[in-house]
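Its first residue numbered 235, the sequence shown is counted upward by one per residue in this note's numbering.
Quick caveat, the hints were computed from the structure, so don't treat them as lab data.
Treat the hints with care, since some could be wrong.
[What the hints assert, rightly or not] Cβ-Cβ distance ranges computed for the label pairs, FRET-style: (1) Tyr418 - Ser722: 20 to 28 Å; (2) Lys511 - His664: 40 to 48 Å; (3) Lys485 - Gly420: 22 to 30 Å; (4) Glu691 - Asn350: 53 to 61 Å; (5) Leu949 - Val831: 23 to 31 Å; (6) Gly420 - Asn922: 26 to 34 Å; (7) Leu949 - Gln382: 55 to 63 Å; (8) Ala385 - Ala842: 27 to 35 Å; (9) Lys416 - Glu624: 39 to 47 Å; (10) Cys621 - Arg488: 45 to 53 Å; (11) Ser722 - Arg616: 20 to 28 Å; (12) Ser411 - Arg717: 57 to 65 Å.
Note that the structure is predicted; figures quoted are calculated from it, not measured.
Think of the CB as a built atom: it goes at the ideal place given N, C-alpha and C, for glycine as much as any other residue.
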Amino acid sequence: SLADGKPVSLSPLESQPHSPRYTASSQRERESLEVRMREVEEENRVLRKQLSLAQRRSPSHHRGNHSKTYSMEEGTGDSESLRAGIVAGNSSECGQQPAVEKCETIHVAIVCAGYNASRDVVTLVKSVLFHRRNPLHFHLIADSIAKQILATLFQTWMVPAVRIDFYDADELKSEVSWIPNKHYSGIYGLMKLVLTKTLPSNLERVIVLDTDITFATDIAELWAVFHKFKGQQVLGLVENQSDWYLGNLWKNHRPWPALGRGYNTGVILLLLDKLRKMKWEQMWRLTAERELMSMLSTSLADQDIFNAVIKQNPFLVYQLPCFWNVQLSDHTRSEQCYRDVSDLKVIHWNSPKKLRVKNKHVEFFRNLYLTFLEYDGNLLRRELFGCPSEADVNSENLQKQLSELDEDDLCYEFRRERFTVHRTHLYFLHYEYEPASDNTDVTLVAQLSMDRLQMLEAICKHWEGPISLALYLSDAEAQQFLRYAQGSEVLMSRHNVGYHIVYKEGQFYPVNLLRNVAMKHISTPYMFLSDIDFLPMYGLYEYLRKSVIQLDLANTKKALIVPAFETLRYRLSFPKSKAELLSMLDMGTLFTFRYHVWTKGHAPTNFAKWRTATTPYRVEWEADFEPYVVVRKDCPEYDRRFVGFGWNKVAHIMELDAQEYEFTVLPNAYMIHMPHAPSFDITKFRSNKQYRICLKTLKEEFQQDMSRRYGFAALKYLTAENNS
């Protein structure tokens with residue numbers, strides 16, 4: 235089109251020189267038109283050059299929010315151009331997609347509260363990390379639960395060029411608690427309204443995401459859309475794809491005011507600096523107060539208030555193409571947002587049904603989601619080449635420790651495992667614990683892998699007290715465990731079990747790391763250090779609580795021994811009392827633990843004395859002693875150098891003895907080991923000579939460390955080892 239905006243239309247007939255209608259007059263008009271078009275093209279070329287120079291001179295934003303020279307194709311944000319884009323297969327842009335500078339930091343804000351949301355946000359983050367090519371800065375508005383879980387997760391994930399900042403969601407409650415909200419997200423569903431106040435004042439722009447989002451493209455493409463904002467546009471939003479705001483879903487359905495179909499707030503682009511200048515805080519508060527006088531409460535949390543503000547101020551919105559928020563709730567128009575897989579950008583599981591939602595292509599979406607759900611997060615630790623990462627003390631220390639190891643050492647892999655940082659997701663399932671008023675509570679501590687999952691229900695039936703479990707799983711196995719737990723009435727009825735996922739990495743089973751993780755995250759003053767293959771006697775939980783008081787564990791350094799037995803039968807009529815156990819022992823149905831293969835491990839318990847004991851009795855440490863004990867929560871950790879099979883408990887009991895713990899056997903307590911197939915690690919120990927050599931080397935080094943730490947008192951361990 236020419237400068238006056240009128241399109242020039244040339245019919246094919248007029249463009250043919252041999253047409254009878256072709257005249258000298260029309261020839262002159264055509265020549266004149268061609269000259270004018272060349273002039274317009276030259277003017278456009280000069281204009282593009284001037285714009286390019288102006289953009290290159292513009293100052294960069296704080297924290298990597300750099301301005302960028304983009305192509306001349308500016309989006310308008312109007313719905314007509316968006317519809318055209320959808321019809322054209324999301325190809326409304328001519329030429330190249332606008333790019334983001336290589337090392338520009340992209341800022342993402344997410345509100346996350348509770349155990350379930352903390353799980354969901356991991357899948358979202360995985361999908362973002364999988365596609366990203368830029369440094370990322372996550373701003374997490376989290377409650378105390380989510381902060382504990384996600385701080386540990388990101389600290390142990392150690393992803394380069396990713397920064398995490400937390401903002402206390404509980405401190406923000408007073409900002410929005412005056413707004414009644416019927417949405418299942420509760421009070422946290424309103425917190426996106428206060429991001430201009432919550433996020434740093436020098437942060438200029440941010441992408442805000444719900445936790446039920448999955449990315450199918452590089453988030454930098456969405457970040458690049460900020461340059462299309464014009465005038466007073468400060469919010470980038472996708473139109474709501476359901477009929478909710480049209481008010482025709484049922485009789486007397488009365489939604490909050492909205493512009494047309496309204497907008498969905500699962501994905502928001504916020505120009506924070508402009509919003510602050512516009513007094514956004516005052517704007518949304520006044521609107522909410524006015525509407526609540528008649529609406530009484532919100533139905534869709536912050537989304538209702540955003541839409542009410544937009545209804546009054548439509549100029550605030552840049553309408554994003556709908557492929558940036560394909561909403562998979564029931565009865566949506568989401569299918570109009572894409573014609574091909576390549577069109578998909580962001581999938582939003584915004585139905586309470588989540589993966590069970592009705593949609594023609596839900597199988598495809600579900601598989602995409604499951605891909606990230608089960609994707610190995612360790613593979614996302616890749617460096618961004620050419621982008622210097624911020625110095626991370628933990629990462630630098632790890633590299634230093636690893637560099638000091640000799641890679642030619644035949645035991646290198648054993649030594650390396652001691653320093654391996656395993657990604658850890660605490661409290662994978664909902665956890666509730668009410669502290670006991672008498673301060674005598676005891677947590678059962680154990681660790682397991684996927685092949686011992688079947689023991690969980692039985693342990694829960696035998697032990698009613700709190701349990702802390704560390705599970706060594708891959709990402710895919712973690713999801714299998716989740717499905718198993720959610721399908722178990724026994725496990726779902728128990729909220730005082732803390733499940734902590736330590737993700738697989740390396741070739742060894744890091745048994746003592748797992749024990750340390752489970753020990754560290756107990757909520758009680760005492761803990762029972764058990765193993766997953768043991769079933770405690772019925773009533774052991776209450777018996778131990780009484781023993782804690784009786785033996786004054788709070789003020790003395792004691793380790794209370796629970797005698798261990800075993801059965802070789804997969805089906806066992808579990809003894810209800812000590813008398814019944816002794817009878818089964820005499821009949822050969824039960825044995826003292828490891829009686830046939832490793833007598834020394836539990837011989838100091840003195841089972842002969844235990845048979846007739848009615849009061850607790852003290853025993854002395856001996857070489858290779860490895861009983862199961864009840865101790866205070868401040869007891870020393872397990873030594874991480876021992877992995878797989880061999881010496882992992884022995885070393886810990888030795889440490890307790892060196893710290894002058896008194897070993898006391900409980901006369902009316904017992905636990906029984908249930909049979910199972912040999913573990914992979916014991917098979918390696920038995921079949922691999924180098925494994926045994928390395929274990930012997932690690933034992934000797936541990937004993938030398940003990941001598942350095944405890945001096946003369948530790949000499950007895952060397953002597954005992956030589957005599958055994």
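Structure-based check of all given hints:
1. Range check, Tyr418 to Ser722: about 24 Å between beta-carbon atoms, so the 20 to 28 Å window is met.
2. For the pair Lys511 and His664, the beta carbons lie near 42 Å from each other, so the given range of 40 to 48 Å is met.
3. Between Lys485 and Gly420 the beta carbon distance is about 28 Å. The supplied range of 22 to 30 Å therefore holds.
4. Restraint check, Glu691 to Asn350: a C-beta distance of roughly 22 Å breaks the suggested window 53 to 61 Å.
5. A hinted range of 23 to 31 Å holds for the C-beta pair Leu949 and Val831, which are about 29 Å apart.
6. A hinted range of 26 to 34 Å is violated for the C-beta pair Gly420 and Asn922, which are about 54 Å apart.
7. Taking the beta carbon of each, Leu949 and Gln382 are about 42 Å apart, not inside 55 to 63 Å as hinted.
8. At about 51 Å, the beta-carbon gap between Ala385 and Ala842 misses the expected band of 27 to 35 Å.
9. One distance hint, 39 to 47 Å for the beta-carbon pair Lys416 and Glu624, holds here, with the actual separation near 42 Å.
10. As the Cβ distance of Cys621 to Arg488 is approximately 51 Å, the hint placing it in 45 to 53 Å holds.
11. Checked against the given bound of 20 to 28 Å, the beta carbons of Ser722 and Arg616, roughly 37 Å apart, lie outside it.
12. Remark: the range hint 57 to 65 Å for Ser411 to Arg717 is contradicted by a beta-carbon distance near 36 Å.
The structure does not agree with the numbered hints 4, 6, 7, 8, 11, 12 stated previously, though it agrees with the rest.
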